[in-house]
Amino acid sequence: MTPEQLNKIVSLVLRLGMWLSLGIMIVGLVWYAVDPVPSEVIPVEKVLDQLFHGNPIAMLELGILVLIATPFLRLLTALAAFVYSKQYKFVLVSLVVIAIVLLGIFIKV
Amino acid sequence: MVLAVLLIALAAGLLGSLFGLGGGIIVIPALTLALGFGVKEAIGASLVGVIASSTGAASRYVHEGYANIKLGMLLETATTAGSIIGAFIAIYLDQFFLLLAFSIILVYSSLHMLVHKERMIAPDSAEAERELLDLSCQYVDPINGMQVCYGVKSIRTGMLASLGAGSLSGLLGIGGGVIKVPVMNTFMCVPMKAATATSNFMIGVTALASAVIYFRYGYIDPVLGALVAVGVIFGAMVGTRTVDKVQGKSLRKLFAVVLIAVAILMILKAFGMLEAL
Numbered sequence: 000m001t002p003e004q005l006n007k008i009v010s011l012v013l014r015l016g017m018w019l020s021l022g023i024m025i026v027g028l029v030w031y032a033v034d035p036v037p038s039e040v041i042p043v044e045k046v047l048d049q050l051f052h053g054n055p056i057a058m059l060e061l062g063i064l065v066l067i068a069t070p071f072l073r074l075l076t077a078l079a080a081f082v083y084s085k086q087y088k089f090v091l092v093s094l095v096v097i098a099i100v101l102l103g104i105f106i107k108v
Numbered sequence: 000m001v002l003a004v005l006l007i008a009l010a011a012g013l014l015g016s017l018f019g020l021g022g023g024i025i026v027i028p029a030l031t032l033a034l035g036f037g038v039k040e041a042i043g044a045s046l047v048g049v050i051a052s053s054t055g056a057a058s059r060y061v062h063e064g065y066a067n068i069k070l071g072m073l074l075e076t077a078t079t080a081g082s083i084i085g086a087f088i089a090i091y092l093d094q095f096f097l098l099l100a101f102s103i104i105l106v107y108s109s110l111h112m113l114v115h116k117e118r119m120i121a122p123d124s125a126e127a128e129r130e131l132l133d134l135s136c137q138y139v140d141p142i143n144g145m146q147v148c149y150g151v152k153s154i155r156t157g158m159l160a161s162l163g164a165g166s167l168s169g170l171l172g173i174g175g176g177v178i179k180v181p182v183m184n185t186f187m188c189v190p191m192k193a194a195t196a197t198s199n200f201m202i203g204v205t206a207l208a209s210a211v212i213y214f215r216y217g218y219i220d221p222v223l224g225a226l227v228a229v230g231v232i233f234g235a236m237v238g239t240r241t242v243d244k245v246q247g248k249s250l251r252k253l254f255a256v257v258l259i260a261v262a263i264l265m266i267l268k269a270f271g272m273l274e275a276l
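Listed in order, the protein sequences are those of chains W and Z.
The first sequence begins at 0 in numbering that gives the first Met the number 0 and counts up by one.
The second sequence begins at 0 in numbering that gives the first Met the number 0 and counts up by one.
No false leads were slipped in.
Derived SDA-like pairs: lysine to any residue, alpha-carbon spacing no greater than 25 Å straight-line: (1) Lys7(W) - Gln137(Z); (2) Lys85(W) - Leu75(W); (3) Lys39(Z) - Ile88(Z); (4) Lys85(W) - Ser135(Z); (5) Lys88(W) - Glu128(Z); (6) Lys268(Z) - Tyr107(Z); (7) Lys88(W) - Ala121(Z); (8) Lys85(W) - Leu132(Z); (9) Lys248(Z) - Ser135(Z); (10) Lys7(W) - Met145(Z).
If you are wondering where the hints come from, they were derived from the structure by calculation, not from laboratory data.
Could you build all of it, start to finish, from the sequences and the hints given here?
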């Protein structure tokens, strides 16, 4: 895999995440402007359920979740690319970053 | 109010993407001081903004080849570890001295960048470190269409500084771009445009763990968070295109001025004149 191919794949994931979350958030904001409800945080596990109940806040949270998930997907994509191109030193680097991010989440939760 | 939040976010996305800073340095004081939001809400919204800024800017910088993915991911091991360490030291250490120490480092880096010229090394030069990991990279600078090939040196110093930059974000909730960019540029000989692009690429991952935790605890207001994110993404779209028209040299000078401004904010916070940063 050439450096250009690595750039293409990683930027594709970032772009998809950006446009998808941007789209969802804009729809959510317009929906919220038309149909305002109290801005109360919905727990993650109830987001989809609330979305089908017509709650615009759930739409906004979905967009934020997609956005937050994007850097993590970017890490997994780079990991896969390094495995595929047999650059094992960078496979190790990617695994260390992923492990520390997960550790950071679980230490504090 | 909606318009004010969008404008703040737009400015944060623009400056953040230009200089490789998350934009938290703008979002947090502006939301708390100018618009009267609580510190926790502001930090939550700022974390979403940092990820939006990183994703928006990096999607273009990676595509254009300005961001050095391998260098970024190597330094991410140190920034992510640093952010965990920082969260722990925050419990034991007095913030006053830390803030003062960091502001001195910022002023020093700023002066260094203003006085010294940028130095670049060729990937095959004796100074470039490539035995263990080859981090050399190349991109085309659109301002003159020239291909820029560079080697990277002082990887250990860079790792150590990234650990410090990560701790800073864990301690104070602001991204470590203000530390990472000067270190990459002055010690590691990474050209300014590549340094800011790589910093942009990294900050999303550094903010990730904190963002997940803030979300779980319900500290991210969905409406405020979405407004900030949307504004930041549009700001980053403008910022990443502005970079094409700016000389690396001018970007470096402007960055030095931004560092002084950040140092002033930190000193204000150290003396209790600014609650949130």
